[in-house]
Each structure stands twice: as C-alpha cells, then as structure tokens.
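Line order of the protein sequences matches chains A, B and C. Residue numbering for the first sequence follows the working numbering, starting at 1 and increasing by one per position. Residue numbering for the second sequence follows the working numbering, starting at 262 and increasing by one per position. Residue numbering for the third sequence follows the working numbering, starting at 632 and increasing by one per position.
Only true hints are included.
Pair ranges (Cβ atoms, derived):
| no. | chain 1 | residue 1 | chain 2 | residue 2 | range |
| --- | --- | --- | --- | --- | --- |
| 1 | B | Glu-461 | A | Pro-254 | 32 to 42 Å |
| 2 | B | Gly-617 | A | Pro-155 | 51 to 61 Å |
| 3 | B | Arg-302 | C | Lys-670 | 55 to 65 Å |
| 4 | B | Gln-446 | A | Pro-93 | 17 to 27 Å |
| 5 | C | Met-632 | A | Asp-18 | 32 to 42 Å |
| 6 | A | Gly-164 | B | Pro-476 | 38 to 48 Å |
Covered by chain A, per the in silico footprint, the following chain C stretches (three or more residues, Cβ under 8 Å):
| no. | stretch |
| --- | --- |
| 7 | 641 to 654 |
| 8 | 670 to 677 |
| 9 | 691 to 699 |
In case anyone wonders, no lab produced these hints; they're calculated from the structure. All values reported here derive from a predicted model rather than from experimental measurement. The beta carbon of each residue, even a glycine, is placed where N, CA and C say it ideally should be.
Spelled out from the first residue to the last, the chains are:
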Amino acid sequence: MTTTLDPELEQLVYERPDSLVDCATHYCPGCTHGVAHRLIAEVIDEMGIREKTIGVASVGCSVFAYNYFNFDFVQAPHGRAPAMATGVKRVLPDRFVITYQGDGDMASIGMAEVVHAAARGENICVFFINNANYGMTGGQMAPTTLPGQKTSSSPSGRDIETQGYPIRAAELLATLDGASYVVRRSLHDPKNIRLAKKAIRTAFEVQARGLGFSMVEMLSICPTNWGMTPLQSLQWLEEKMVPYYALNDFKVHPAVAEIRI
Amino acid sequence: MARELWKGNEAIAEAAVRAGCQAYFGYPITPQTELLEYMSRRMPELGRAFVQAESELGAVNMVYGAACTGVRVMSSSSSPGVSLMMEGISYIAGTEVPAVLVDVMRGGPGLGNIAPAQADYNQIVHGGGHGDYYPIVLAPASVQEAVDLTVLAFDLAEKYRSVTVVLLDGSLGQMMEPAEMPPMQPLKKEFPAWATRGAENRERRMLSSIYLNPPDQEVTNLRLLRRWKEVEANEVRFKTYYLEDAEYVVMGFGSAGRVALSAVRAARAEGIKVGLLRPITVSPFPVQAVDAAVRQCKAGLVVEMNAGQMLEDVLRVNNNRIPFEFFARMGGIVPFPDEILAEIRRLAQGKASLEGHPRDRWLERVAAQA
Amino acid sequence: MPPKGRIEVNELLCKGCELCVGACPQKVIALDMDRITPKGYHPASLISDGCTGCGICAVVCPEAAITVFRETIKVRANQ
Numbered sequence: 001m002t003t004t005l006d007p008e009l010e011q012l013v014y015e016r017p018d019s020l021v022d023c024a025t026h027y028c029p030g031c032t033h034g035v036a037h038r039l040i041a042e043v044i045d046e047m048g049i050r051e052k053t054i055g056v057a058s059v060g061c062s063v064f065a066y067n068y069f070n071f072d073f074v075q076a077p078h079g080r081a082p083a084m085a086t087g088v089k090r091v092l093p094d095r096f097v098i099t100y101q102g103d104g105d106m107a108s109i110g111m112a113e114v115v116h117a118a119a120r121g122e123n124i125c126v127f128f129i130n131n132a133n134y135g136m137t138g139g140q141m142a143p144t145t146l147p148g149q150k151t152s153s154s155p156s157g158r159d160i161e162t163q164g165y166p167i168r169a170a171e172l173l174a175t176l177d178g179a180s181y182v183v184r185r186s187l188h189d190p191k192n193i194r195l196a197k198k199a200i201r202t203a204f205e206v207q208a209r210g211l212g213f214s215m216v217e218m219l220s221i222c223p224t225n226w227g228m229t230p231l232q233s234l235q236w237l238e239e240k241m242v243p244y245y246a247l248n249d250f251k252v253h254p255a256v257a258e259i260r261i
Numbered sequence: 262m263a264r265e266l267w268k269g270n271e272a273i274a275e276a277a278v279r280a281g282c283q284a285y286f287g288y289p290i291t292p293q294t295e296l297l298e299y300m301s302r303r304m305p306e307l308g309r310a311f312v313q314a315e316s317e318l319g320a321v322n323m324v325y326g327a328a329c330t331g332v333r334v335m336s337s338s339s340s341p342g343v344s345l346m347m348e349g350i351s352y353i354a355g356t357e358v359p360a361v362l363v364d365v366m367r368g369g370p371g372l373g374n375i376a377p378a379q380a381d382y383n384q385i386v387h388g389g390g391h392g393d394y395y396p397i398v399l400a401p402a403s404v405q406e407a408v409d410l411t412v413l414a415f416d417l418a419e420k421y422r423s424v425t426v427v428l429l430d431g432s433l434g435q436m437m438e439p440a441e442m443p444p445m446q447p448l449k450k451e452f453p454a455w456a457t458r459g460a461e462n463r464e465r466r467m468l469s470s471i472y473l474n475p476p477d478q479e480v481t482n483l484r485l486l487r488r489w490k491e492v493e494a495n496e497v498r499f500k501t502y503y504l505e506d507a508e509y510v511v512m513g514f515g516s517a518g519r520v521a522l523s524a525v526r527a528a529r530a531e532g533i534k535v536g537l538l539r540p541i542t543v544s545p546f547p548v549q550a551v552d553a554a555v556r557q558c559k560a561g562l563v564v565e566m567n568a569g570q571m572l573e574d575v576l577r578v579n580n581n582r583i584p585f586e587f588f589a590r591m592g593g594i595v596p597f598p599d600e601i602l603a604e605i606r607r608l609a610q611g612k613a614s615l616e617g618h619p620r621d622r623w624l625e626r627v628a629a630q631a
Numbered sequence: 632m633p634p635k636g637r638i639e640v641n642e643l644l645c646k647g648c649e650l651c652v653g654a655c656p657q658k659v660i661a662l663d664m665d666r667i668t669p670k671g672y673h674p675a676s677l678i679s680d681g682c683t684g685c686g687i688c689a690v691v692c693p694e695a696a697i698t699v700f701r702e703t704i705k706v707r708a709n710q
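One chain only, chain A, in its complex shape (with noise of 0.2 Å):
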C-alpha cells in the first residue's frame, strides 16, 4: 500500500547515510554486518570526518568492507588489519584511522597484532564482529564459537576438551594499559543497536582526542551459517551468545568518561 504525507508538513527523518556507498552488499540477507557498517557510517556524517577518516579491511566476510564505505579504504592480510592502521596513522596522526575486523581475523590469526596495538595505545579505533563462526569459508569453528556450538568444523558441537574455549577479546584486550576504550555491544534489537552506535561514536571521540585505542566488539547475526532465519538468529545471540558475551563496558579510561555524546 503507499502511504502519503502532507508535503507541508512531511520531514525526513532517517535517510542513508553520505559515508555510504549507493550500491547494494554482498552480505547475505539479515546479516548484521551491514548494521554495524551502517552505524559507523552515521557516526562519521555526524562528525563530518568522512574526508579524514581512512579505513582499513580485513579478510572474512567484512573483506569487501572498503566498497561499501564512500572514504579512502585499504585492505590488509588477514588479521593484519590493526599493524596496517598503525601504519597509516603514524604517517597521518590527524586522520582517523578505523579497521573492520570480524572475529576469525582479529581474535584468532590476528591476536598478536590487536594486542600489540593496544598495548602501544595506538591511537585507532577498531570495530570487532564477533558472530561466532568463520562466515566467508563457510561456517567454521571460530575462537568466539561458543562451548557446544555446532559449526562446518566442529559438527558434533564445540568440544571444549579438545577445542578449548571461546575468547573473550574485550575483556582480555582491556586488561591493557594502551587501552583505553574497550566495549562490548550487541546488535540484536533496536536499543541495543542505540547503544552500539553511542559506543562506536565514543570510539571516535577517544580518537579524535588522541586518547589512544579503542575497540568496541559488536555481537552480530550470521543467519546462513547458523542455519535459522534472520529473526531466528537475533532470539539465538540475545539467548546464547549475551550470557557467554557480557554487554559491557570493560575499560573507560577516565578521560574518556568525560566525553558527553
């Protein structure tokens, strides 16, 4: 049915974000990726930084990140991203510095890098995916898979005897003193995407005011791995994943408790 206004009266309320590129994803369909690129693209209009942000891709499904986001993009190896954007930012400390990093890429091939970042107290700020699985190579065990979770390469559940337990980046990285933002968010419903996009805008200001690293972890919906619908998906992660991925603020350093959004 169409629906019309009063074109007096009618007002935009919420429109694409510019920081986005016009074209359709490769994500499949319900796949919360695109509301975390979504929600950092909004954050970055509303600073008006799309011409001095640059970001840096990952390898996972997030691979093709850089077409989607309208701003300067590079793409590094897997789990790579973290030293790629110390790279850059060092060359160019007044630009904002951002990697995409899903969680095979940062929290298993990638560890030492985001570690080392963080502990140099890069100033970037990263943005973690964590969907429990490995979703571009088709659903594997990933380090984030939860205790029993069935996946392509643990297909009779996660035995955590012999495939040992999930990690939990945020926690671990804000043990770091270069830390100074760490966050754990979810993107499974309306006020925990709010909450999510107030985080990754917090993650800029850190940036913006040379507080250091950053990273908010986003607890996402892979609905073709999982095999369940994309509604399905979402009541699975607020079910299983949140008791296991506690929605937390882990470390706020006190200058950045200050920050007023």
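Please arrange chains B and C on chain A, whose structure you already have, making use of the hints.
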C-alpha cells in the same frame, strides 16, 4: 660531505633517513639489529615515525599501511624474519605500492645462526611470497655501495611502484668502513594519485590486492609483468673488474663477489687472465653482461655463500656453452680469497668441465678433501 | 493522535530479511509477496496505516535501505 667510518647497518639506516624515509617499522634480529636501534634514535629526533613492531609480520604490515599513504617507508630484518615478512611483501607487490626492505642475511635454514650467508637469494629474487611478482633486488658489496643502493632503492621503489630489497649478508651489516653519506633530501610534500590519505575534495580511493574476477586479476598480472619488463630494460646494474682481456670469468654478488675480487687480483699477479662480473641488481639479473662474458671467456666460476642459488641463473644464460665451476662456503662462513684462487687456478689448468652439474662436481671436490 | 509517518524501501538494496518486520512497533511492515526485487527478494513494504515514522525499521535495517518520513507534530498542533 666527508668520508666517515660507518658500520654497515647504521650506514644503511642513515642513508635511508637522508633519502627521505618517513617511517620505519622493524623487529630486532641479529645481524640487522643495529639498523633498528639507529632508527629508534634517529627517526623520533626528526619527527618521523618509528615503531618496534610485535613481530616481522606486524612490521611488514605497518610498512604496507604507511606505503599506502604514498610516503617513503622501510623495514629491515634478517633471513628468518624476512621469511615471516613474505606474506606482507606479496600483498605490497599485489597492491603496487612502493616499499624498501633490507635483508641482512644469516646462516640457515631454520634458526641457523647469526653469521653471514647469502642463502636468501632464491627467496628474495625468485619470489618467496605467493603469486607472480618481481621485486627489484640490489646487492651491495661495500658499506659505501650499501649507502648508495639504499638511496637508489627508494627511487626505484617509487618509480616502479615496486618492492625493492637491499640484499646483503651479515658481514657487510657488521663491517665498519669509510663511507660518504648522501645529502639530506626533504620529505615528500606531494603524493601520487593512488595514495590513500583521506578523500578530501576528491573521490574515495581503495588500495587492495584483491581481484576476485579472474580477468581483472589477469590484467593486473600482465601489468606487473610489463612493468617488470621495463625494469629489466632500464635498471640492470653490475660491475666488471679486469674483464676486458679476460679468458676466465668469476661471478659472485655481494661479499662473495668482493672476496672473489681479491682472488682475481691474486690470480692476475700470477699471470692468469681472469676477470670478475659482480651483479649489483641480482634482480633484474644482468643477463646480457653474463652472456657477453660467456661469449668472451673459455670457462667460468660462480662463487656464492649458499648452495648455488645464483648459479642456476648463470647456467641458464650460459646454456652449456662454456664450462662453469662452482665454489661456495655455507652455514655462515665467508670464503677465503685463497680458496677461490685455487678454483681460478683449476680453471686456468683447463680442469673446468661441461659434464654434469657444477654443484655436483664441487660437492665431489669437497668430499675428496674431507 | 499519534504522528503520521511513512517509509520508502529502496528495492535495489532490500533483501527481504524481515528484521524490520520483526522490529516494527506498529506491526505495519511485511514482505510484499507480489513484488520481486532485481536481486530476487520480496521487498519490505508498509501493509496498513499506522506508521508513526518512528524510524525503528531503519535502525535495524542491515542494508540502510529504508528512508523514513514523518509529519511534523509541531506544525500539526498549530492547525
């Protein structure tokens, strides 16, 4: 600028600074560490970027990131560390951004030792990283040449959007010699049209080595290959010594070539008409110079501090026209001039052979001596 | 009287994932089973009156495919 006494590793570092290197990322590894240490003092005092990375993987990817901004950037390492960097080198080559790497080679494989060797030749010259790419590789034989080639490395890297490697062995890195430093160049103020520095008043840019569509990848492969043909046509460098009237030719790069020069001089004193061809660009390989030497001489000798890696490139050019012999020390041992002189005498005695492989004959001689 | 709103769904971007359907507080969005997007999905669409222009569909939309409009309340109050 006066000649001063410089340690090889530190001389390279200062040469890089003077060439306008704006960012250095590295990781400690013997026998290259003085280069990193020198940069840790020098770069901050000039307000330039220095980071001691968490690993060579971290370092090479910091280089990759900085290279994407269009500035002059460098890293340095030694053999095992360079193996770790291979991933990043392939990505840098695939993204077509310029970067300079210094490899101060040590004994291997594996952890090996910290003594001088030349066994990274194949890894550096013939790839090492995945995919078809072609690094420019410069092989100095003295501290002065290391200084000059470091400056050249930045120019060539930029000109051809290429990975350029300065390849030397640990003895040259550790050696002290008089050298004259180049003048200090200003830092770049203008940046190429591909550099990602923020999309201010222009369309966004992306730098990546991904070409999912095979025809696009093939176009890229062809572009890299054609650019390499240009490098081959314009950038071959080598040095010859006593080659004008030579009947025998010795070939070796870096320190092996330098030690061979002492042996050639000693052989000349004995009346043997022998000359030396020392490739400076081991990639692109001086094919025409090797070919000319083969046409001119009765027999040749290749001297290396590895198991005959450059030897294969020489033999390919020789194509079985004249007999070649091979001599090497490995495991971190630098050959003595006397050892090479003995090999030159064998050439002059007509003992060089076209039968079999020079490496096999050398192994037999080594076995006979033991 | 609640504010009156409407949405426009960009059918080049919408993948019919139904996240907006599940999130809409007024339950006025559903997939339009009579339409197919160029990518082969049934797009999200308003199915009845009652949209308030709250924008929650846009908050959850992974494709940033939804544009939201609302009649300004202030001006309405002056009528």
